[in-house]
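Asks: Given chain A, work out where chains B and C should sit, using these hints.
Residue-level listing of the chains:
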Amino acid sequence: MTQREHRLGELAERFGGEAVGSADPVIRRVASLGTARAGDITFFSHGRYRDELAATRASAVIVAREERDATPLPRIVCADPYLLFAKIARLFHEEPAATPGVHATAVVMPGARLAPDVTVGPLAVIDEQAEIASGTSIGARSFVGRKVRLGAGSRLYAGVTIYPGCAIGERAIIHSGAVIGSDGFGFAPEAGAWLKIPQMGGVRIGSDVEIGANTTIDRGALDDTEIEDGVKLDNQIQIGHNVRIGANTAIAGCVGIAGSTRIGRGCMIGGAAMIGGHLAIADRVIIAGGTVVTKSIDLAGTYVSVIPATPAREWRRTVAMLRNIERMSDRLRELERRLSELEQKK
Amino acid sequence: MTQREHRLGELAERFGGEAVGSADPVIRRVASLGTARAGDITFFSHGRYRDELAATRASAVIVAREERDATPLPRIVCADPYLLFAKIARLFHEEPAATPGVHATAVVMPGARLAPDVTVGPLAVIDEQAEIASGTSIGARSFVGRKVRLGAGSRLYAGVTIYPGCAIGERAIIHSGAVIGSDGFGFAPEAGAWLKIPQMGGVRIGSDVEIGANTTIDRGALDDTEIEDGVKLDNQIQIGHNVRIGANTAIAGCVGIAGSTRIGRGCMIGGAAMIGGHLAIADRVIIAGGTVVTKSIDLAGTYVSVIPATPAREWRRTVAMLRNIERMSDRLRELERRLSELEQKK
Amino acid sequence: MTQREHRLGELAERFGGEAVGSADPVIRRVASLGTARAGDITFFSHGRYRDELAATRASAVIVAREERDATPLPRIVCADPYLLFAKIARLFHEEPAATPGVHATAVVMPGARLAPDVTVGPLAVIDEQAEIASGTSIGARSFVGRKVRLGAGSRLYAGVTIYPGCAIGERAIIHSGAVIGSDGFGFAPEAGAWLKIPQMGGVRIGSDVEIGANTTIDRGALDDTEIEDGVKLDNQIQIGHNVRIGANTAIAGCVGIAGSTRIGRGCMIGGAAMIGGHLAIADRVIIAGGTVVTKSIDLAGTYVSVIPATPAREWRRTVAMLRNIERMSDRLRELERRLSELEQKK
Chain A
1 MTQREHRLGE LAERFGGEAV GSADPVIRRV ASLGTARAGD ITFFSHGRYR DELAATRASA
61 VIVAREERDA TPLPRIVCAD PYLLFAKIAR LFHEEPAATP GVHATAVVMP GARLAPDVTV
121 GPLAVIDEQA EIASGTSIGA RSFVGRKVRL GAGSRLYAGV TIYPGCAIGE RAIIHSGAVI
181 GSDGFGFAPE AGAWLKIPQM GGVRIGSDVE IGANTTIDRG ALDDTEIEDG VKLDNQIQIG
241 HNVRIGANTA IAGCVGIAGS TRIGRGCMIG GAAMIGGHLA IADRVIIAGG TVVTKSIDLA
301 GTYVSVIPAT PAREWRRTVA MLRNIERMSD RLRELERRLS ELEQKK
Chain B
1 MTQREHRLGE LAERFGGEAV GSADPVIRRV ASLGTARAGD ITFFSHGRYR DELAATRASA
61 VIVAREERDA TPLPRIVCAD PYLLFAKIAR LFHEEPAATP GVHATAVVMP GARLAPDVTV
121 GPLAVIDEQA EIASGTSIGA RSFVGRKVRL GAGSRLYAGV TIYPGCAIGE RAIIHSGAVI
181 GSDGFGFAPE AGAWLKIPQM GGVRIGSDVE IGANTTIDRG ALDDTEIEDG VKLDNQIQIG
241 HNVRIGANTA IAGCVGIAGS TRIGRGCMIG GAAMIGGHLA IADRVIIAGG TVVTKSIDLA
301 GTYVSVIPAT PAREWRRTVA MLRNIERMSD RLRELERRLS ELEQKK
Chain C
1 MTQREHRLGE LAERFGGEAV GSADPVIRRV ASLGTARAGD ITFFSHGRYR DELAATRASA
61 VIVAREERDA TPLPRIVCAD PYLLFAKIAR LFHEEPAATP GVHATAVVMP GARLAPDVTV
121 GPLAVIDEQA EIASGTSIGA RSFVGRKVRL GAGSRLYAGV TIYPGCAIGE RAIIHSGAVI
181 GSDGFGFAPE AGAWLKIPQM GGVRIGSDVE IGANTTIDRG ALDDTEIEDG VKLDNQIQIG
241 HNVRIGANTA IAGCVGIAGS TRIGRGCMIG GAAMIGGHLA IADRVIIAGG TVVTKSIDLA
301 GTYVSVIPAT PAREWRRTVA MLRNIERMSD RLRELERRLS ELEQKK
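Protein chains in written order, with this note's numbering: chain A, 1 to 346; chain B, 1 to 346; chain C, 1 to 346.
Next comes chain A alone, as it looks inside the complex (with noise of 0.2 Å):
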């Protein structure tokens, strides 16, 4: 067997789970019910996928223990299928090996310190003083600004930008045109027109935060704008400076937040949810998609601001409606008053 085989029996022991029906199955590959043939492994995770479950022709599937008889096909049996495929995926998937090395068309500035298995892509660009530690792999036309720290066994696709001084934690996976340590938004009003504050401080990112395409992190005014430990940045998000955003926290794309708003830790943020500037928000809160949050919020819990979208027809009278609410209430408030003159002369 080569390295990307695994028996059944195998992976189940490895990570914590139950062979049932056979441990037998050799394994090569991660798959969805839907596309699954011989020699890979699915996982069944919600009731309504119970007819692709019956139709799968996967060897095996990864099923939790109060489904432990959903399917008669050789099965790993856990407290949380997801979990538990996630780590088989990240065993079988092969990452396009990257050779340790500068390309020969990368430019390495004078003064810039690179361990000596980092790989560098076509084109890049590392400036003057950058540190790049061991096992950093930096893609190809990305750009590494002075000074920049970069931690070990991190990971920029083709075409990031950080911009001088910005330091970055180890394991970092950075994905291509995401943007760190660009100025923030300071202005000082000035006889109509607007004086640029310079912005002084950097961008700083703790380890293992994952930052998605096109996603853009502004360096602070005067103090640095923080990302601590674990924290998961989905694509085109957009983070003011002075921000500092709390340990394991997730925040799915499109999401704004405005500066100098401290997040807590493991908060989670639905898709384009938009939080303003000088709050706080605090630990384990979920804000939902497309929420606008203009208050701190000090209590854990889920916050919604969200109307779901309506025929225009039936839209266009309620809003019409919204419009009227306050005549409606001095309507109420008046009837009140009628009915208890008429209530009283009984």
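It is possible that part of the hints are untrue.
Put simply, identical chains are the same to the list, so a pair is met inside one copy or across any two.
Straight-line distance between alpha carbons at most 25 Å, and here's what the computed SDA-like set of lysine to any residue pairs gives [to be verified]: (1) Lys87 x Leu195; (2) Lys87 x Pro308; (3) Lys345 x Arg333; (4) Lys295 x Glu52; (5) Lys196 x Gly153; (6) Lys196 x Glu5; (7) Lys196 x His6; (8) Lys147 x His46; (9) Lys196 x Arg65; (10) Lys196 x Thr71; (11) Lys196 x Thr302; (12) Lys196 x Gly206; (13) Lys147 x Ser137; (14) Lys345 x Leu335; (15) Lys87 x Met200; (16) Lys295 x Glu326; (17) Lys147 x Pro100; (18) Lys147 x Glu131; (19) Lys345 x Leu332; (20) Lys87 x Pro164.
Don't read these hints as lab results, they were simulated from the structure.
Replies: Just chains B and C now, with coordinates in the frame of chain A:
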């Protein structure tokens, strides 16, 4: 006459309109009503521009049948002036001619296969085993990943990034900063932190698709993210992993579509609309700009959830009322009870 | 003293404040209240920071006239502490000195005209007939298209893309990933598909404009998209084709402005606001973050349409009520009728 001059009559005949007034004017350019001068053709599409039509210095105008007499100028009368204008504009529009060939500073990795008439701009990178079909042009500083397939007649502008393994059809137009194939946002929670789920699917894009500047399309987790033929995506759109977008759907700027959602064919999605994950949107659905979609939509039609901007003072009162709406409902019920009681006493 | 040291009295005199306490301290740096140490000047702009003011280790503080006695430290008393702080910060802020010259790896195409003191970073591309005026700096990996004109004293950070034919004024600051001049989103429907309308206009940008990271500005369809002098654009903004933005308007991150809309002068648009197409917004309009604008605004003032985030359970009831609001209105009318009837019976 050079190739870029056409008599009005010739244009009318070629594109299915009727030359009225005179077929003789020589047309060299298209222009707007306000900026047109001698030699230009313009178009009149909406009554509110009647003053500009009266003042235009164009040599000819395209008008709808019901506006046949709206101007004394030489004109083309047709069913759809905007469409006919588009066709004439395409005839006149001069694309900067790209001389086929690979620029000396581009990096083409071993095993990449380029048709002989492909153009590769300065400092572009074509990775191993990528296949670029005939007539395609790769802009400066673009990155085409390993095993990417790019169909014939496509155009990537400067600074496009395509991750490994993505497949794109013919006649694609992809604008600067677009990122195709970045990892989907997939993590399994484990002991308060997040375990990354490898994103092993790809992105499959049909023919005649346009992708706007800084738009991002994530690769699938297990299966592919799919964009069908004729889809038009504006700038700064985010498409999550395993989304499927049906043929000829048009999506305006800043829209976000969360993972595993399926959008039908012939849909139109307005700017900054946000569509949640795991939803199904039927064919020919129109979603108004700024609308948040949180549930599947089964029926064609127009959907909205947007409250139009209101002067701040007025809005503050509306929001306060909205917060009181449950209380208003209670008061209504109480009034109904008291009134019934009173009526029965009669 | 080197150039980067100034006595407090000198700073006060230079920028129009009054040195109080002592004019002697030597200032070498600006800092926030919390991080300042000896040699730093800081500022006090809001009562909520009074504790931090009491604890600061700064050598001097900038305070407003009405806060003249808020601290015993040496201080500058002035009308607008934030503005004066901005001016002193600009004095101290050290821009990384760029040595004029074209990096050996940059690609400057034939016919491009660069002033002698222009700086071009590694792997930047300047296309044919581009004109770059004196003192301008082009960051690494930036792309300046054919016939682009860039005014004096401008700075493009790493990885900016400017499409052919765009014109930008003096002292522009353009951040990484910004794309200027991509095609507007213009298509004519034809038999269920979309026919692309050539985008033949350009982008014309005034002087003293700042453009944030990953912001996109589309070229016009026929005429130009226009950004007037002094406009400040934050990150991830999308400006559609033929939009016009008036002088000194400031726009925060993630805002989208659809095609052909005209924004007045001196406007302030909050983050993630979305402004529809073909609208006219008057001068000095303030639009709150997250607001959706669907109609033209004729009067200066503040406009909002945002419902603040609410705990999920409470919000669910509010939305249910909102869906019932028409029914409530009907019930009100019915109550009014019945009550009138009852009153008349008296």
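Asks: Check the structure against each numbered hint from earlier and tell me which ones fail, lowest number first.
Replies: Checked against the structure, the hints that fail are numbers 2, 8 and 10, while the rest are satisfied.
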